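Number of protein chains: 2
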Amino acid sequence: MRQTAGREAETPHVTHELARFASGIRYEDLPAGARFMARQCLLDWLGVTLAGSQEPLALMLRAEAAEEGGAPRATLFGGGARTSMGQAALVNGAAGHALDFDDVLGAMTGHPTAPVAPAALALAEGRGLDGRRVIAGIVAGIEVEARLGRVLGDSHYAKGWHATGTVGAFGAAAAAANMLGLDVEQTARALGIAGTQAAGLKSMFGTMCKPLHAGKAARNGLMAATLAERGFTSRDDVLDCVQGFTDTQTETFRPEALLEETDRFHILDTLFKYHPACYGTHATIEACLGLAENPAFDAGNVERVEVKVPMSALRMCNIPAPTTGLEAKFSLSYNVGLGLTKKATGALDIYFDENLDRPDVHAIRETVAVEGSDDLRPYTADVVVHLGNGVALRGPGDVGPPADDLDRQWEKLEGKFRALVAPLLGSRPAGALVEAVGSLDDAGDVGAALAPAAAEIG
Amino acid sequence: MRQTAGREAETPHVTHELARFASGIRYEDLPAGARFMARQCLLDWLGVTLAGSQEPLALMLRAEAAEEGGAPRATLFGGGARTSMGQAALVNGAAGHALDFDDVLGAMTGHPTAPVAPAALALAEGRGLDGRRVIAGIVAGIEVEARLGRVLGDSHYAKGWHATGTVGAFGAAAAAANMLGLDVEQTARALGIAGTQAAGLKSMFGTMCKPLHAGKAARNGLMAATLAERGFTSRDDVLDCVQGFTDTQTETFRPEALLEETDRFHILDTLFKYHPACYGTHATIEACLGLAENPAFDAGNVERVEVKVPMSALRMCNIPAPTTGLEAKFSLSYNVGLGLTKKATGALDIYFDENLDRPDVHAIRETVAVEGSDDLRPYTADVVVHLGNGVALRGPGDVGPPADDLDRQWEKLEGKFRALVAPLLGSRPAGALVEAVGSLDDAGDVGAALAPAAAEIG
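Chains as they are written, first to last, in the numbering used here: chain A, 1 to 458; chain B, 1 to 458.
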């Protein structure tokens, strides 16, 4: 029984506070940095979604959507077709997370844009909402994800919940509720409807269900908001009540986290990936790429590699002997092999099933011992390579700090976007999409602005 | 870490055993009693679904489905329209649980048919499968729910999970997988895809989200099976693995329960409701109806009522002062008032919002003290009424034992069906539906057989 009188007085009602916050976000009041980050999140998401739209799991979901049918109101990115809002949110949501190449937010312990953007874009197309609504919706969704992640504390993710699926459902609901102009009470009910559907198991990492979680979060969150708009009832305190979401899914409930850093926009902490693997492997990859540059290093003479990562990474991405490309994205030891052989270039095909058998990568992978440490900060790693000649080289990796130069980050993201999308759509449409996302604030018709992304690929 | 070598040797792999069991069920091998119970479950479900189809929550979901659109392949019962399989499963699933008048299964701690039947019927219509496939699917689904419920133990429901939503998703997936003829490995993956979506919070009882859980379980379970058929990947051990469904959602995992009572068909334990309220209130209602018949009883002179129920009922249906009809279905004290004033007749309208203000019911409700007891079996109650004249009357209630006379039960269910459906569709169509469900084994076209239930009502 959490809601004792004393505690109520001290701590905020989380659901209501988040609903108040989400429904109060307006494009006009947002600082330029938050708007710019929303566009960066969207550009990055659109690129990985177009590339992911050709993955087998996305093709299966598109086939499923085609069998189901639906009013053609929202774009299936890279799918050459339009479908219902809900199905577009589902399929685009899964496609966006298919490559595990999408952005990351530490406070949420997950991928912030993957559940939010597909819901926001489907809703904008289906209901004719403009680009400013999309930007406000994305900010509202990601802020709710960040704040809820802090409220949940460490145990939610540690226990086995995939926050991109669970917390993401709240984010998608908050984004859609904001875009629909729902009031505080309606938004609280939207959070309730989303929260009672929130699901996703971390044990599914390495299977097609992991991206499915992002798609389901997008679809469920969107439906939660449209149902709340229709007057569908729900508890309006799903995050606070006994047998609610936090009561069942975390043991480290921290409502007081809402009172911390209230004037910051957590979207500014978003981290972007430049390797298409689980972000938990990135610090290790960067450490290995650095070690591979050391003149004393010799990839053919590696005897043993010791990798130290935060404890949280062990159950996230420690598949020791991956047999598929999806599994390889969650394998620290495989990525050590990629990094030390300088094959971790950011290219997609290094995680293709048919490319896993490289003997040099395999030889190194087999020497790797991974250890968890309570002393390491998230998204850091400590790698020591022991060579056959007795030399030991040590390299730290840290991919935790967010960018302080947003213009430079946009350039990097534009490069990643063009590298992913130009081979699929051509250079000119890729450039047009960069331009469209960059000027989304002025788009009255979001579907028309992003029309080049609606083409059928392949 | 559960899967130690020693334990693996002793206990079955739950996911695989359930998949093997579900995929092995064939109509031809089923005992007559199991087939008959499947038809009874279906008849009861169809009646409460048609009645529930007129509830506000069902109308909202139909409006949502209409906005989404969909290939017209499956019937919206009572909705006068056809829609996609997934949307039909969702909307019919929610409608079937809208009145809380549908069947109950103790082993599952939930409502077995509500998630299973809508998935099975939508799939049969969409894929052109006959009545025998539906019967086999329903048996497979309900057996998986019962066996999984036993494996989960008490803590799953006690913690706050609505088993009709969570366990129900597995049931719907098992039913659909059976009907699609998936093999053991495909069925195990279908259970995985369902398990990673399984959700539903008990705190939502008394809101529209409770019936939504049944609809979501139906839709998610159906999609899990059709995705598995397409080759979508998932863990094939979601019930056994670290950070899987049981690891995150129960603390009383009992894999050995699969080895108990393996030769029984648990569908025979299904309990049917004759009052449209939470089954946790039924023993109390029956006790009060009995007390009201006592010559010494005087409804106008009730001073105090003591109700003792199993502990499990306290968080299930103990809303002390309901303000809506939905809440009244989950209020022991309100139902004491209905029972002692002989108003608990099974009629729907006693739980209509506008009928909650009866002074005699209210007067008694305010005198009720509810207490939980560890000594009482599920679905029992012990009621003591203290009258103003010093007399105390005691009445026990027990709605736990399943029927041993299935023919008599069919008669009662036919009476309930006709009482619910004749006012909506007319006596002749109601009778035709009883006939159609009674002879479902011979239906080649399930949609045609149930056509009278496709009419638009109201």
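Derived from the structure by calculation, the hints contain no laboratory data.
All of these numbers come straight from a predicted model, not from anything done at the bench.
Don't take every hint at face value.
Because identical chains cannot be distinguished in the list, a pair is counted as satisfied if it fits within a single copy or across any two copies.
Stated by the list, open to error - Listed below are the simulated SDA-like cross-link pairs for lysine to any residue, each with C-alpha atoms no more than 20 Å apart in a straight line:
hint : residue 1 : residue 2
1    : K342      : E260
2    : K159      : P423
3    : K159      : D237
4    : K159      : P310
5    : K159      : Q243
6    : K343      : A321
7    : K342      : R82
8    : K343      : R150
9    : K159      : H362
10   : K343      : P378
11   : K412      : M311
12   : K159      : P429
13   : K412      : G388
14   : K159      : D29
15   : K308      : T367
16   : K412      : V434
17   : K412      : D374
18   : K159      : T252
Hint by hint, here is what the structure shows:
no., hint, verdict
1, K342 to E260, "neither (42 Å within a copy, 56 Å between copies)"
2, K159 to P423, "neither (40 Å within a copy, 51 Å between copies)"
3, K159 to D237, "between (23 Å within a copy, 17 Å between copies)"
4, K159 to P310, "within (15 Å within a copy, 30 Å between copies)"
5, K159 to Q243, "both (17 Å within a copy, 7 Å between copies)"
6, K343 to A321, "within (18 Å within a copy, 66 Å between copies)"
7, K342 to R82, "neither (41 Å within a copy, 56 Å between copies)"
8, K343 to R150, "neither (36 Å within a copy, 50 Å between copies)"
9, K159 to H362, "neither (31 Å within a copy, 45 Å between copies)"
10, K343 to P378, "neither (24 Å within a copy, 61 Å between copies)"
11, K412 to M311, "neither (30 Å within a copy, 59 Å between copies)"
12, K159 to P429, "neither (43 Å within a copy, 52 Å between copies)"
13, K412 to G388, "neither (38 Å within a copy, 82 Å between copies)"
14, K159 to D29, "neither (38 Å within a copy, 42 Å between copies)"
15, K308 to T367, "within (14 Å within a copy, 64 Å between copies)"
16, K412 to V434, "within (12 Å within a copy, 66 Å between copies)"
17, K412 to D374, "neither (32 Å within a copy, 63 Å between copies)"
18, K159 to T252, "both (11 Å within a copy, 16 Å between copies)"
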